[in-house]
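Could you put the whole structure together from the sequences, leaning on the hints where they help?
Below, each chain spelled out in residue letters.
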Amino acid sequence: MDRLIVPDKITDNKLINLYKQMWVIRFFEEKVDEYFAKGMIHGTTHLAIGQEASAAGVCALLDVEDKITSTHRGHGHCIAKGATADKMMAELFGRTTGYCKGKGGSMHIADVDMGNLGANGIVAGGIPLAVGSALTAHMKKLNYVTVCFFGDGATNEGSFHEAVNLASIWKLPVIFVCENNQYGMSSPVKEMVNVDNLATRAQAYGIPGVVADGNDMIEMMNVTDEAIKRARRGEGPTFIEAKTYRWKGHSKSDTKKYRTLEEEKEWMRKDPIKRFKNDLMKAGFLTKEKAEKLQEEAKKVIEDAVKFADESPMPTLDDLLTDVYA
Amino acid sequence: MREITYLEAVREAMSQEMRVNNDVFILGEDIGVYGGAFGVTSGMIEEFGPERVRDTPISEAGIAGTAVGSALTGMRPILDLQFSDFITIAMDQIVNQAAKIRYMYGGKGMVPMVVRTPSGSGTGAAAQHSQSLEAWVTHIPGLKVVQPSTAYDAKGLLKAAIDDDNPVIFYEHKLLYKTSSHVPEDTYSIPLGKADVKREGSDVTIVATAIMVHRALEAAMELAKEGIDVEVIDPRTLVPLDEEAIITSVSKTGRVVVVHEAVKRGGYGAEIASMIAESEAFDYLVAPIKRLGAAPSPVPYHPELEKAHVPQVPNIIQAVKEMLKRA
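Top to bottom, those sequences are chains A and B.
According to the numbering used here, the first sequence is numbered sequentially starting from 1.
According to the numbering used here, the second sequence is numbered sequentially starting from 1.
Hints should not be assumed to be uniformly reliable.
[What the hints assert, rightly or not] Have a look at the derived ranges for each label pair, beta carbon to beta carbon:
#1 A:GLY158 / B:GLU304: 32 to 40 Å
#2 B:ALA295 / A:LEU320: 32 to 40 Å
#3 B:ASP30 / A:LEU142: 37 to 45 Å
#4 B:THR88 / A:HIS42: 32 to 40 Å
#5 A:LYS14 / B:GLY39: 49 to 57 Å
#6 B:ASN315 / A:GLN203: 32 to 40 Å
#7 B:GLY124 / A:VAL64: 51 to 59 Å
[To be verified] If you only want the chain B side, here are some residues facing chain A, beta carbon under 10 Å, derived:
#8 ALA61
#9 VAL68
#10 LYS100
#11 LYS108
#12 PRO240
If you're looking for bench data, these hints aren't it; they were derived computationally from the structure.
These numbers come from a predicted model, not from an experiment.
C-beta atoms are modelled at their ideal positions from N, C-alpha and C, and glycine is treated no differently.
What follows is the structure in structure tokens.
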């Protein structure tokens with residue numbers, strides 16, 4: 001039997017919960033995909049199916065008081081940081097019980113009390129926010145860390161470079177997690193960046209840059225653990241590049257003309273959930289039956305979420321002008 | 001009562017808040033030992049140290065976002081934006097993040113931050129260091145916008161801005177930094193959204209902002225010699241705008257000139273003029289509303305061109321006289 005090498009913080013029970021959580025994320029997004037196709041949810045959405053290991057693996061190491069900033073492709077980050085699927089689904093349904101009372105939608109889900117400082121519709125927009133959150137921890141002498149999720153495309157934004165530099169010179173407790181899913185909308189990262197690994201950009205700011213297999217839960221947890229320890233020791237930020245792939249298009253309107261079916265199939269063979277399942281089974285944490293049971297439980301979570309959302313009240317027109325100002 | 005300068009009033013408002021509230025801190029470029037480009041933060045690093053008077057790299061987008069993120073997590077940052085023109089570089093964080101977070105998040109979380117920034121021409125710094133871009137931010141729901149014209153107002157409005165739980169853009173006029181007025185030593189707050197009648201009069205209302213308040217008052221003194229009685233209203237805050245004070249004044253005088261330093265086209269004067277036209281004051285108007293603002297060009301370098309670019313006292317006098325000729 002293989003031994004799993006995971007951070008101390010990750011208990012056996014936690015491993016099992018993480019497996020289920022990955023399925024909750026997957027089923028949530030599949031349901032969203034289905035409902036968008038049927039016209040039951042409006043607006044737009046960005047799915048991270050295939051990227052569950054970076055969301056679940058990184059957030060597995062966080063405590064409630066730790067913070068995250070997320071992206072337009074952020075459903076997984078939110079769930080992994082403790083958001084409930086029912087309030088998230090309600091938000092996508094535009095209901096008052098949603099995380100943003102139906103006023104934010106898919107791209108703006110936040111739960112400030114639980115340390116989720118928000119998804120963000122602006123590429124790289126959340127990176128300086130994460131640095132600000134880390135500055136608060138530093139100035140108030142609080143022990144929390146801030147994880148900043150962003151995509152490969154964000155590393156070409158000025159905000160990324162400015163914020164990483166700030167975090168580095170002030171040695172702030174922030175972990176930059178770049179989910180390199182190979183495309184910024186339709187643009188292949190290899191055409192938009194002239195380095196093989198985005199993590200090498202960290203060198204320019206004097207911080208460690210780590211390349212990780214973003215589809216490997218175990219590796220994601222271990223590199224995150226190192227980065228968090230470094231941050232909590234006051235040694236400053238770490239840049240983690242999680243190499244991964246989004247199975248779906250950029251958003252609901254994407255016909256994916258810029259990539260091949262072969263490439264998609266190749267990445268689907270590297271499914272992070274299947275891989276984690278195999279790791280857990282090989283190490284004796286999971287049986288086939290138990291895995292199926294957890295998967296069924298996850299499915300039920302999403303069914304309940306849909307029911308909750310569907311039965312929740314719509315905002316009224318009186319809500320239009322509330323909460324513009326504090 | 002003692003007199004201090006507008007610059008000293010701004011510094012005093014910040015220092016007094018920082019002495020009683022550890023969450024308040026300043027971040028910006030060259031604000032430490034250098035004391036800020038105009039000297040506003042001079043001496044503050046000595047009192048409060050480099051953690052709370054925090055020198056930053058030249059990274060307007062980064063530091064603006066850092067201020068937003070720190071505000072969202074419990075601090076009350078004052079972002080010192082060295083020249084107001086540089087707001088263009090910080091715009092995503094101010095417009096897309098700071099202004100919208102509370103609404104997007106369904107009323108959870110708040111962004112109590114102040115962006116203090118020097119604006120205006122008259123220093124020979126030319127096109128990229130002299131603009132008055134306040135109309136840009138007034139257009140964004142979620143932001144408040146303040147433009148003090150005196151030392152007294154600057155101190156009281158800045159306290160209100162720091163105490164406010166929303167992002168406030170606080171425009172300081174460079175040419176006003178060295179002007180003085182009576183300023184109490186104790187702290188006091190001037191509510192945002194309360195205009196000030198800087199001079200009472202009965203013939204014409206001039207609504208003026210920032211440096212134009214002083215030019216309007218000078219014009220009013222000249223016009224008084226000819227028996228023309230001018231009322232000067234300083235909104236002090238553009239968002240929220242004290243509509244009532246303006247409507248009351250215009251209803252009384254029946255004539256209004258709106259004057260600001262920003263380019264007239266698309267300037268905030270258009271909003272004020274429209275607000276008056278849509279209000280009950282319209283019924284009292286005996287002449288069309290007149291707007292004065294900068295010419296539609298970048299701010300020029302040559303001193304005479306620079307002067308000609310923005311309204312001066314004679315332009316205001318002329319506008320008032322022409323208006324009185326009509327009716």
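Going down the list of hints, with the structure as the test:
1. The hint said 32 to 40 Å for the Cβ distance between GLY158 (chain A) and GLU304 (chain B), and at roughly 38 Å that hint holds.
2. Between ALA295 (chain B) and LEU320 (chain A), the C-beta spacing of about 39 Å keeps the proposed range 32 to 40 Å intact.
3. For ASP30 (chain B) and LEU142 (chain A), the hinted distance range of 37 to 45 Å is not satisfied, since their beta carbons lie about 29 Å from each other.
4. As the Cβ distance of THR88 (chain B) to HIS42 (chain A) is approximately 34 Å, the hint placing it in 32 to 40 Å holds.
5. For LYS14 (chain A) paired with GLY39 (chain B), a C-beta distance near 56 Å keeps the hint of 49 to 57 Å intact.
6. Between ASN315 (chain B) and GLN203 (chain A) the Cβ separation comes to about 57 Å, which falls outside the hinted range of 32 to 40 Å.
7. Range check, GLY124 (chain B) to VAL64 (chain A): Cβ separation about 55 Å, and the 51 to 59 Å hint holds.
8. The interface hint given for ALA61 (chain B) holds, since its Cβ lies 5 Å from the closest Cβ of chain A, which is under the 10 Å cut-off.
9. Checking VAL68 (chain B) against chain A: minimum C-beta separation of about 6 Å stays under 10 Å; hint holds.
10. At a threshold of 10 Å, the smallest CB-CB gap from LYS100 (chain B) to chain A is about 8 Å, leaving the interface hint in force.
11. Of the supplied interface hints, the one on LYS108 (chain B) holds, with its beta-carbon coming within about 5 Å of a beta-carbon of chain A, less than 10 Å.
12. Because the beta carbon of PRO240 (chain B) sits about 9 Å from the nearest beta carbon in chain A, less than 10 Å, this interface hint is met.
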